[in-house]
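J.: Line order of the protein sequences matches chains H and B. The UniProt record's numbering numbers the first residue of the first sequence as 1 and each following residue consecutively. The UniProt record's numbering numbers the first residue of the second sequence as 1 and each following residue consecutively.
It should be emphasised that the hints constitute simulated quantities derived from the structure, not laboratory data. Take these hints with a grain of salt, some might be off.
Which copy is meant is left open, because identical chains are indistinguishable; a pair holds if it fits in one copy or across any two.
Below are the BS3-like pairs computed for lysine-lysine, each with C-alpha atoms no more than 30 Å apart in a straight line [as the list claims (entries may be wrong)]:
no., residue 1, residue 2
1, Lys300, Lys151
2, Lys346, Lys168
3, Lys197, Lys233
4, Lys95, Lys27
5, Lys18, Lys172
6, Lys197, Lys64
7, Lys350, Lys151
8, Lys399, Lys300
9, Lys18, Lys233
10, Lys300, Lys18
11, Lys233, Lys399
12, Lys317, Lys172
13, Lys30, Lys95
14, Lys233, Lys64
15, Lys168, Lys307
16, Lys84, Lys192
17, Lys204, Lys27
18, Lys307, Lys204
19, Lys300, Lys30
20, Lys18, Lys192
21, Lys84, Lys399
There are 2 protein chains.
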Amino acid sequence: MSTVNWDARLSEIALNVKPSPIRALLKYTKTPGVISFAGGNPDPAVFPVAEFAEASQILSREGKDVLQYGATNGYDPLKEYISKWMAPRMGRETKPDEMLITTGSQEGMDLLCSVLLNDGDTIIVEGPTYPGALHAMRNRGARFLSVPCDKDGLCVDLLPGVIEQGRKDGHKIKFIYSIVNFQNPSGATLSKERRAKLLEIAEKYDLIIFEDDPYGHLRYNGEHVPTIFSMDKGGRVVYACSFSKILAPGTRVAWIVGAPELIQKMVMIKQGTNLCTSVVAQALVYEYCRLGHLDGFLPKIIAHYGKKRDAMDAAFKKYLPANTRYHTPEGGFFFWLQVPGVDSTKLFMKAIDHGVAFVTGPAFYAEAGEGLDYMRTCFTFAQPEEIEEGAKRLAAAIKEL
Amino acid sequence: MSTVNWDARLSEIALNVKPSPIRALLKYTKTPGVISFAGGNPDPAVFPVAEFAEASQILSREGKDVLQYGATNGYDPLKEYISKWMAPRMGRETKPDEMLITTGSQEGMDLLCSVLLNDGDTIIVEGPTYPGALHAMRNRGARFLSVPCDKDGLCVDLLPGVIEQGRKDGHKIKFIYSIVNFQNPSGATLSKERRAKLLEIAEKYDLIIFEDDPYGHLRYNGEHVPTIFSMDKGGRVVYACSFSKILAPGTRVAWIVGAPELIQKMVMIKQGTNLCTSVVAQALVYEYCRLGHLDGFLPKIIAHYGKKRDAMDAAFKKYLPANTRYHTPEGGFFFWLQVPGVDSTKLFMKAIDHGVAFVTGPAFYAEAGEGLDYMRTCFTFAQPEEIEEGAKRLAAAIKEL
């Protein structure tokens, strides 16, 4: 309908942007009867609907305040709540000028990239990593260097070599991006020893660490590992967390913590991108927390998702080929499966025919040609009875390939 | 506290970004006793607090849906409502793939710039214009060419000359930005004849028009002027509107309408910046509209703000120096005053001493040195009795300078 030649006037960002590979797959998961292990969605069956609705009392009580423009760095009562609530994990109460409330963690990533990256600058990422992070980073002109992960997370011993070779090759490395707990997609948790080592390396090479932690509160067994932020004395670690997985993603309320000099710059950019995160959404989240529902809800979803994790683990052990490899995650949302020699991209359409969906391995790598025989399966979204059936269907699809 | 040398690693965007000039002034408006004509805020005294709180029933009714991740292009029921509600102004019901829900109009601006601008590309703006727009555009690397405004809005007759000279000077002009109704800050409305002419010029020079319309529904006298979007047959006009001024800015819910090719690219960028606008906020706004409160509230604020406009007009006529120049706006939020020979930046601190705040003229220009003896005063935020008192104080400050 448009007579305008758009291609001729789009920006380089627009010409290069691609739909998220996960989004491209997700449309198939809408096929009736398909059991989805694909999207990384929480289970709506356990959303705290009544508790969240109760929080709407703040709209009457504080309406004149929460309906007005809000401060760009966030709704003060919520920031204060988070600072106190997170103190045991952060090692201390963080100060107001160290924290910015964002429209999802995704926005924290975008803003961090906007204040650190010039076009062509490099980020060290985990291989595999969260595709949404790669998407945000690419939109801000990033190049990537990948470092492999094993069952203890990022292989930090390989880092110095990657950094040194990268610098020799002309990479201007700005920061190291790590999803430290129950990584997306690998499920691995970076061990305490590796966290200390990672910080040491970042100090030695004068690099920033972006510690992304959306899943840290969802541990089903094992012991909590201290955040890198809490180990850092030099203001070198930027830490992000979110209400998406511990309350509900539809709020789009998350936060990012870092050195005041950096946060202040992100605030100034955010003044130009959306002025502030929805004050209404922030106030609802705050009130929900204030009423004690966050602390009440967490044990409930930990128990619920822990059972689902166990169910998927048991079903995979029962049905998948004997050569399938994975490490059972201690928390989070995901299994990361390798079926050696099975091309997960070819498997995908076959699996859809059998009525089950997952995300193909290559979606999680910055470079093409990696992760070909890997797939990510989410255990939180599907219902318990679907998990066993889905594993059975996946096994049948693999057999047929 | 940070041992990191941040300046050495910040991006060019971060190094160049400045706090919004309005934000820098706003801190003075917090001084006790100061009457603020500065910020462009709606009046919290008439926020529809009870009606908006009533809308929270959707959190119980649709909780499982609205707490989940939402579609990047927006909450379908809200998009449908807007499409029908806006049809008389848009000339037709716009289609789902022509509309994107944004986190405030500010985000629409940022996304539009991200898909159209390469670093150093040029936007034609009105002189004066909204500083938040300049901020968003600068963050995406824009340069500017300004075209003056008079009481009928953008002086479109000057446009061809500016475009031709600009192109000769190497400017790659991407779009023309116009706030068409009750412009911020000038209060002027672009006449119907000029809208037609503007579209003709955009066609001739193959340029896009960004029609920004946050105030269009707030007309206190005179006749509605058709949108440029409704005159356009070529998909050349991008139109933005918001709930900030007609409901409440704390929702951070707005929308942008344009050619599907363009909207689709903005959706892809938004997947990387925040995935979607708060579904919770969108659902609350939708329910508020569905219950009929938007249509019920509009006449109320139009009457309320119309009286405030009249009060400020009368107070300025009564107290300000005889050589003060302004055109009484037919709607919106602002008066744009010129007191010839009075430097508004010098006047500002004097005015704060007298207990009244405004925004200085130069904040509204892309180029330094313009608008020196202008100031913007907002009539919606201050209470009626404050408006007369504020005008009196402003007159005293001018006299003292």
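J.: Now, for every hint given, state plainly whether the structure supports it.
T.: Quick rundown of the hints versus the structure:
no. : hint             : result
1   : Lys300 to Lys151 : within (27 Å within a copy, 62 Å between copies)
2   : Lys346 to Lys168 : neither (38 Å within a copy, 54 Å between copies)
3   : Lys197 to Lys233 : within (14 Å within a copy, 62 Å between copies)
4   : Lys95 to Lys27   : between (42 Å within a copy, 20 Å between copies)
5   : Lys18 to Lys172  : both (24 Å within a copy, 25 Å between copies)
6   : Lys197 to Lys64  : neither (49 Å within a copy, 42 Å between copies)
7   : Lys350 to Lys151 : within (29 Å within a copy, 65 Å between copies)
8   : Lys399 to Lys300 : neither (37 Å within a copy, 67 Å between copies)
9   : Lys18 to Lys233  : between (39 Å within a copy, 29 Å between copies)
10  : Lys300 to Lys18  : neither (38 Å within a copy, 45 Å between copies)
11  : Lys233 to Lys399 : neither (53 Å within a copy, 55 Å between copies)
12  : Lys317 to Lys172 : neither (44 Å within a copy, 60 Å between copies)
13  : Lys30 to Lys95   : between (44 Å within a copy, 22 Å between copies)
14  : Lys233 to Lys64  : neither (41 Å within a copy, 42 Å between copies)
15  : Lys168 to Lys307 : neither (48 Å within a copy, 68 Å between copies)
16  : Lys84 to Lys192  : within (23 Å within a copy, 56 Å between copies)
17  : Lys204 to Lys27  : neither (45 Å within a copy, 41 Å between copies)
18  : Lys307 to Lys204 : neither (42 Å within a copy, 65 Å between copies)
19  : Lys300 to Lys30  : within (28 Å within a copy, 44 Å between copies)
20  : Lys18 to Lys192  : neither (36 Å within a copy, 40 Å between copies)
21  : Lys84 to Lys399  : neither (52 Å within a copy, 51 Å between copies)
Consistency with the previously given hints fails for numbers 2, 6, 8, 10, 11, 12, 14, 15, 17, 18, 20, 21, ordered from lowest to highest.
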